[in-house]
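Going by our numbering, the first residue of the sequence shown is number 1, and it counts up by one from there.
Note that these hints are calculated values from the structure, not bench results. Warning: the hint list may mix true and false statements.
To be verified - When the alpha-carbon atoms are kept at most 30 angstroms apart in a straight line, the in silico DSS-like pairs for lysine-lysine are as follows:
id : residue 1 : residue 2
1  : 24        : 116
2  : 13        : 199
3  : 170       : 13
4  : 175       : 54
5  : 269       : 54
6  : 170       : 203
7  : 47        : 103
8  : 24        : 175
As the list claims (entries may be wrong) - What follows is a list of derived Cβ distance ranges for each label pair:
id : residue 1 : residue 2 : range
9  : 128       : 64        : 41 to 47 angstroms
10 : 64        : 240       : 53 to 59 angstroms
11 : 206       : 275       : 25 to 31 angstroms
12 : 225       : 199       : 26 to 32 angstroms
13 : 210       : 34        : 33 to 39 angstroms
14 : 232       : 109       : 52 to 58 angstroms
Model, not experiment: these values are computed from the prediction. C-beta: ideal position from N, C-alpha, C; glycine also.
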Amino acid sequence: MAITKEIQDFLLKNAVERFLRYVKIWTTSDESKETVPTTENQLDLGKLLVEELKEINLEDIIQDEYGFVYAFLPPSEGFEKTESIGLLAHLDTSPAVSGKNVKPVIHRNYDGKNIKFTKVQDLILTIEDSPSLEDYIGLDIITSEGDTLLGADDKAGIAEIMAACNAWDKYPELKHGPITICFTTDEETGIGIDKVDRKKLSKICYTVDGGVIGELEFECYDAWLAHIRFIGLSVHPGYAKNKMLNAIQIASMFFSEFPEAETPEHTEKREGYFHLSQL
1 MAITKEIQDF LLKNAVERFL RYVKIWTTSD ESKETVPTTE NQLDLGKLLV
51 EELKEINLED IIQDEYGFVY AFLPPSEGFE KTESIGLLAH LDTSPAVSGK
101 NVKPVIHRNY DGKNIKFTKV QDLILTIEDS PSLEDYIGLD IITSEGDTLL
151 GADDKAGIAE IMAACNAWDK YPELKHGPIT ICFTTDEETG IGIDKVDRKK
201 LSKICYTVDG GVIGELEFEC YDAWLAHIRF IGLSVHPGYA KNKMLNAIQI
251 ASMFFSEFPE AETPEHTEKR EGYFHLSQL
């Protein structure tokens with residue numbers, strides 16, 4: 001059946017309400033840790049989702065020892081033999097910027113003008129810097145106050161999956177096959193997915209993480225991380241000639257050898273790149 005305006009309105013309202021609630025839960029992961037989850041606070045959001053999944057009548061709901069949340073949505077009558085699909089999203093947010101004490105701000109009826117942030121006066125979001133904003137003129141835009149991440153990556157995905165499950169429960173006329181749900185920990189650190197229980201997932205799964213409505217990506221980004229240590233020789237600069245080895249200069253020389261055209265700002269699509277992320 002076609003999705004009616006009533007259902008569309010329900011999905012939008014439900015997803016936004018959930019999103020505003022989820023982003024306030026601190027779930028930053030920690031790249032310095034090797035345990036999964038790397039932070040205990042990821043479990044807090046997982047526990048909330050377990051209870052909310054129960055409220056909308058999903059089955060086989062568990063939160064395992066790694067913080068992963070699994071659930072199963074039984075198929076509609078007559079769709080039992082339909083191919084099962086899985087929906088995935090991750091609980092953690094990037095450790096690059098603080099995700100603690102997030103206060104979401106709704107900019108109603110966005111008019112295309114600069115968006116300012118209450119906590120960081122010199123931080124401004126413009127259409128010139130983010131041309132995709134032009135597609136959302138007339139709609140509501142949600143940001144943080146500027147001093148934290150918002151956490152849309154990937155609490156927006158979690159909210160969307162939860163809203164969809166809520167709609168399937170509320171509107172049984174929305175027929176569907178069997179659906180597995182999985183919320184993972186430590187996507188941002190890259191180590192969480194190693195702990196996924198594939199037996200609890202469908203053969204075909206979709207990750208709800210970024211992108212615009214109607215967009216579907218069928219390839220996966222792949223990256224390798226290297227930690228390089230440069231060891232110099234410290235000598236008093238007053239008599240360092242032919243003795244000192246400056247580790248910073250050695251590192252600079254090394255990175256200057258990276259192809260200039262193979263950096264994120266010069267590449268797109270399937271073009272690979274080298275990216276110095278921290279020094």
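Failing hints, ascending?
Numbers 2, 5, 8 and 13 - these are the hints that the structure violates, sorted from lowest upward.
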